[in-house]
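**Q** If you're matching them up, the sequences are chains F and Z in order. Just so we're aligned, residue 1 is where the first sequence starts under the working numbering, counting upward by one. Just so we're aligned, residue 1 is where the second sequence starts under the working numbering, counting upward by one.
Derived by calculation from the structure, the hints in this document are not laboratory data. All residues carry an ideal CB built from backbone N, CA and C; glycine is no exception. Some hints here could point you the wrong way.
[As the list claims (entries may be wrong)] Partial selection, computed: residues in chain F whose CB lies under 7 Å from chain Z:
| id | residue |
| --- | --- |
| 1 | 30 |
| 2 | 128 |
| 3 | 131 |
| 4 | 178 |
| 5 | 219 |
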Amino acid sequence: MPKRIFYGLSVLLLSAVQPVLAQQFEAPGSRLLATGGASTIEGSGGGGIVPWATLSSYADEGEWGATVQMTEVQVDDFSLSVQGASFNWNNRVEVSYARQQFDLETIGGELEQSIWGVKARLSGDLVYGVMPQVSAGIQHKSNQTFALPQAVGATDDSSMDYYVSAAKAWLAGPFSRTWVANVTLRNTEANQLGLLGFGGDKEDSREWVGEASVAVFLDRYWAVGVEYRQKPDLLSFAKEDDWKDIFVAYFPSKHVSVVGAYADLGSIAGLESQTGWYLSVQASF
Amino acid sequence: MKIWVSAALVLLGSMMSGAVQAQSSELYQQLGERSGIETIVEEMLLGVADDERIAHYFADVDILRLHKLISEQVCNVSGGPCEYTGDSMAVSHNNLGINNADFNALVEHLIAAMEQENVPVAAQNELLALLAPMHQDIVE
Ligand code: HEM
Chain F
1 MPKRIFYGLS
11 VLLLSAVQPV
21 LAQQFEAPGS
31 RLLATGGAST
41 IEGSGGGGIV
51 PWATLSSYAD
61 EGEWGATVQM
71 TEVQVDDFSL
81 SVQGASFNWN
91 NRVEVSYARQ
101 QFDLETIGGE
111 LEQSIWGVKA
121 RLSGDLVYGV
131 MPQVSAGIQH
141 KSNQTFALPQ
151 AVGATDDSSM
161 DYYVSAAKAW
171 LAGPFSRTWV
181 ANVTLRNTEA
191 NQLGLLGFGG
201 DKEDSREWVG
211 EASVAVFLDR
221 YWAVGVEYRQ
231 KPDLLSFAKE
241 DDWKDIFVAY
251 FPSKHVSVVG
261 AYADLGSIAG
271 LESQTGWYLS
281 VQASF
Chain Z
1 MKIWVSAALV
11 LLGSMMSGAV
21 QAQSSELYQQ
31 LGERSGIETI
41 VEEMLLGVAD
51 DERIAHYFAD
61 VDILRLHKLI
71 SEQVCNVSGG
81 PCEYTGDSMA
91 VSHNNLGINN
101 ADFNALVEHL
111 IAAMEQENVP
121 VAAQNELLAL
131 LAPMHQDIVE
């Protein structure tokens, strides 16, 4: 993990040119700073754990954009590494890919999955007009280490998540700060994102879960916020809890963003109250 | 183009200095009143002139007049003692073919100008929130 973070930080240092200059020159796309958001652990553009209605990168109408990301999460008994990339066409369609490695540090072993995502902006705009930006997406997940998930009751090694998201920014909200809110409704049967497979012995059915994020920009470059993500609970061997985090996001330029968070992932695979740190670095082109 | 715009605006600025200040809103004051607003709009237009994404829209435009009108408008919407004497946004941007990316490009230069002039973030946001609704009349 330290090696990956080191790599991520060097990408950051190389890209983090002086903010105002970076805004004016060689901007990767025309959307306003920070409206590209960050990358989620499932690859889609969004917050850290919730996919947002915003599309990744800064591509606007008539433009295309791309991002690459590296994310590390370290909680008490587990760590998660994510590498991902995304492509945005016309700020209309986002295609994303992410690989996850989940290290069972205390239990022993590693779980892996890959996720392809497609998200389309259906209507509205994050910043302009009164209507929220509404997008719909799918995430196709396949678990590459199904032996353990199967042993604990999962029924499938691959599955789809479907979601609809709505997001809106208030340019001058409370305290004359810019606020962004996103709500997402997801239909899923994934256990712990899919790292513990799909479907379960306790319940083998799809569920609707709600997810939400709120962030406030302290200035043009720094935002703080919270996220909440409901989770299904389909396996009888261990309870699955909702996830939440508090984050700080830094957008020094349109080329790079960094998100640090404190995450509470609840009980995972029988090990209670998993809390810890989250660090994500994204580069935009 | 940039140098030309610069010279023209300096000239204009010197002709217009000494305008009378009336009592006015906090936002207007935080933008630096009339002279602060003129500087911000000037810097914004310099940025626009240098931006290959949108500079072409302004190729045949009387920049001095545009500077005067946008300054008036910003002064007016921010609660300053100015009357806006130009056309409506819908009329003046009609048929220009401005898209969302163009609009954001101009907003970016406005933000950069306000950062440059150390306008507090709260005031920046309030001005942006006052201008954002014009998006629907400007973008096609
Ligand atoms: C909130 C954003 C904007 C504001 C407040 C604004 C304001 C103005 C004002 C006050 C005028 C003068 C109106 C008149 O002639 O009576 C004007 C004209 C013009 N604007 Fe904008 N504008 C905005 C966005 C844009 C954008 C995004 C573009 C293109 C990228 C643009 C291009 C032009 C052009 C080319 C003219 C001159 C039209 C002509 O004289 O024929 N404007 N604008």
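**Q** For every hint, state whether the structure bears it out.
**A** Verification of the supplied hints:
Interface hint at residue 30 (chain F): satisfied, since its Cβ lies 4 Å from the closest Cβ of chain Z, which is below the 7 Å cut-off. Below 7 Å, beta-carbon pairs count as interface contacts, and residue 128 (chain F) has one with chain Z at about 4 Å; its hint therefore holds. The beta carbon of residue 131 (chain F) is not positioned within 7 Å of any beta carbon in chain Z (closest approach about 11 Å), and the interface hint is therefore violated. Interface hint status for residue 178 (chain F): upheld, as the beta-carbon distance to the closest one in chain Z is roughly 6 Å, under 7 Å.
At a threshold of 7 Å, the smallest CB-CB gap from residue 219 (chain F) to chain Z is about 5 Å, leaving the interface hint in force.
Hint check: a violation occurs at hint 3 only; the rest are consistent with the structure.
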